[in-house]
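Undergrad: Here are the chains, one letter per residue:
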Amino acid sequence: MPRHRFITPDEQKQLDSILRELLKNSDAKTAILLDHGGFLMSTQGFTEHIDPQTIAVLAAGAFSTTRELAKMIGEEEFTVMFHQGRRDHIHLSAVGKDALLVIIFENTTTIGMVRLFAREAAKKLASILRIINQRKSEAPMGNIKLQQ
Amino acid sequence: MSTVNFATREITCKIVYYGPGLSGKTTNLLFIHKKVPAKHRSDMVSLATDGDRTLFFDFLPLVTNAVKGFSTKFQLYTVPGQVFYNATRKLVLQGVDGIVFVSDSAWNRMNDNHESFVNMKENLSEYGLTIEDVPYVLQFNKRDLPDAAPVEYMNHLLNREKQRVPHFESIAIRGIGVFETLNAISRMVLVKLISELSQNKE
Ligand SMILES: Nc1nc2c(ncn2[C@@H]2O[C@H](COP(=O)(O)OP(=O)(O)OP(=O)(O)O)[C@@H](O)[C@H]2O)c(=O)[nH]1
Ligand SMILES: [Mg+2]
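Heads up: the sequence lines are chains A and B, in that order. My numbering puts the first residue of the first sequence at 1, with every later residue one more than the last. My numbering puts the first residue of the second sequence at 1, with every later residue one more than the last.
Hints may be right or wrong, so weigh each one.
Cβ pair distances, simulated, as ranges [claimed, not checked]: (1) B:D43 x A:D27: 53 to 59 Å; (2) A:R115 x B:V118: 40 to 46 Å; (3) A:I73 x B:R53: 43 to 49 Å; (4) B:E161 x A:K123: 42 to 48 Å; (5) A:F82 x B:R53: 44 to 50 Å; (6) B:D147 x A:F46: 52 to 58 Å; (7) B:S42 x A:I131: 43 to 49 Å; (8) B:E161 x A:I111: 35 to 41 Å; (9) A:K136 x B:E126: 23 to 29 Å; (10) B:L47 x A:T47: 37 to 43 Å.
Derived pair list, reagent style SDA-like, types lysine to any residue, alpha-carbon separation capped at 25 Å [what the hints assert, rightly or not]: (11) B:K39 x A:Q14; (12) A:K145 x B:Q199; (13) A:K97 x B:A87; (14) A:K123 x B:M1; (15) A:K97 x A:R119; (16) B:K192 x B:I171; (17) A:K13 x B:R9; (18) A:K29 x A:Q14; (19) B:K90 x B:K39; (20) A:K13 x A:T47.
Anything over 12 Å on all C-beta distances counts as not near chain A; from chain B, calculated [as the list claims (entries may be wrong)]: (21) G69; (22) P150; (23) V165.
Because the hints were derived from the structure by calculation, they are not lab data. Note that beta-carbon positions come from the ideal geometry of N, C-alpha and C, so glycine has one too.
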């Protein structure tokens with residue numbers, strides 16, 4: 001883990017567009033990319049009446065809780081979590097080693113579709129995140145100064 | 001771990017309020033939430049038991065303009081102080097950039113304060129961190145109690161690492177000392193971030 005993480009405008013664009021493509025293909029409503037600490041990296045799709053940051057923090061909490069549970073019973077990790085509601089459902093899955101993907105979808109699509117395209121997106125996202133996470137702090141930092 | 005996003009011009013840092021059960025961690029966040037104008041914060045999330053004890057964490061995001069040309073977000077978390085919640089306490093520390101250690105000034109809580117401090121160092125070590133790696137301040141809360149321990153004593157008990165750190169006396173239920181503490185830790189976190197970045201440039 002690097003001490004700090006830098007995301008360039010170009011990387012942000014790529015993350016955003018992978019999530020948009022995922023939504024288009026799977027017909028899901030909202031996609032949120034976050035890290036294990038609940039830090040929000042991208043939100044796409046329908047976000048009215050929901051607060052993506054809060055969802056990210058709660059999802060990270062839920063995921064780390066199940067990960068600890070998995071360890072306790074000798075499982076490596078549960079990589080997918082699914083919460084089924086009456087109309088809205090949440091699919092939570094691992095992206096690489098330190099990120100998570102939350103997908104909110106309605107009955108207009110199926111869990112199978114969501115899972116399929118989530119897996120596909122996760123691979124692409126993971127390769128971009130790897131670049132971000134391997135970057136040393138030599139980013140174009142010139143002008144970061146405290147406000148007086 | 002701070003994140004600097006050059007697309008959204010955002011810097012995000014995580015600050016954790018640590019300390020023994022009932023020391024006033026949640027009370028700090030509640031006061032901040034009450035006082036900060038709505039446009040600079042979102043809602044506070046509290047995962048608590050029916051009796052208001054923190055079960056997993058409290059979460060309060062703040063937005064400031066502390067850094068030129070960036071919007072600087074501080075994500076404030078509290079841990080559950082009760083001893084048997086250590087598994088979740090550890091999870092909350094993941095990716096921490098700064099810590100406020102909230103201690104209880106009551107004489108009969110000195111042991112708990114000390115134990116919690118030791119526990120914090122143990123949990124940091126699980127992430128490969130030592131107390132020297134993470135900026136932190138001490139808050140001596142509940143100064144209104146008639147049997148509050150002297151500040152010198154609490155410093156002697158808790159402020160004994162190689163690097164002595166700032167301490168703040170507070171009465172969190174009345175908001176006294178709450179923002180002084182928050183301002184100090186957020187400044188320390190940003191100063192450290194900026195100095196690490198400029199070192200790396202050379
Ligand atoms: N007298 C006094 N009471 C305080 C002060 N700050 C907080 N309290 C009270 O102490 C109790 C515990 O406060 P919390 O903020 O819930 O404590 P906590 O540290 O979050 O506790 P856990 O969630 O169990 O870890 C509450 O009844 C508060 O009203 C203070 O400055 N003085
Ligand atoms: Mg609490």
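Undergrad: Indicate, hint by hint, whether the structure satisfies it.
TA: Checked hints:
no., hint, in the structure
1, B:D43 x A:D27: 53 to 59 Å, "30 Å, violated"
2, A:R115 x B:V118: 40 to 46 Å, "44 Å, holds"
3, A:I73 x B:R53: 43 to 49 Å, "27 Å, violated"
4, B:E161 x A:K123: 42 to 48 Å, "44 Å, holds"
5, A:F82 x B:R53: 44 to 50 Å, "30 Å, violated"
6, B:D147 x A:F46: 52 to 58 Å, "55 Å, holds"
7, B:S42 x A:I131: 43 to 49 Å, "30 Å, violated"
8, B:E161 x A:I111: 35 to 41 Å, "51 Å, violated"
9, A:K136 x B:E126: 23 to 29 Å, "24 Å, holds"
10, B:L47 x A:T47: 37 to 43 Å, "22 Å, violated"
11, B:K39 x A:Q14, "29 Å, violated"
12, A:K145 x B:Q199, "14 Å, holds"
13, A:K97 x B:A87, "20 Å, holds"
14, A:K123 x B:M1, "24 Å, holds"
15, A:K97 x A:R119, "14 Å, holds"
16, B:K192 x B:I171, "28 Å, violated"
17, A:K13 x B:R9, "14 Å, holds"
18, A:K29 x A:Q14, "19 Å, holds"
19, B:K90 x B:K39, "31 Å, violated"
20, A:K13 x A:T47, "18 Å, holds"
21, G69, "6 Å, violated"
22, P150, "35 Å, holds"
23, V165, "20 Å, holds"
Figure legend: structure checked against the earlier numbered hints; hints not met, in rising order: 1, 3, 5, 7, 8, 10, 11, 16, 19 and 21.
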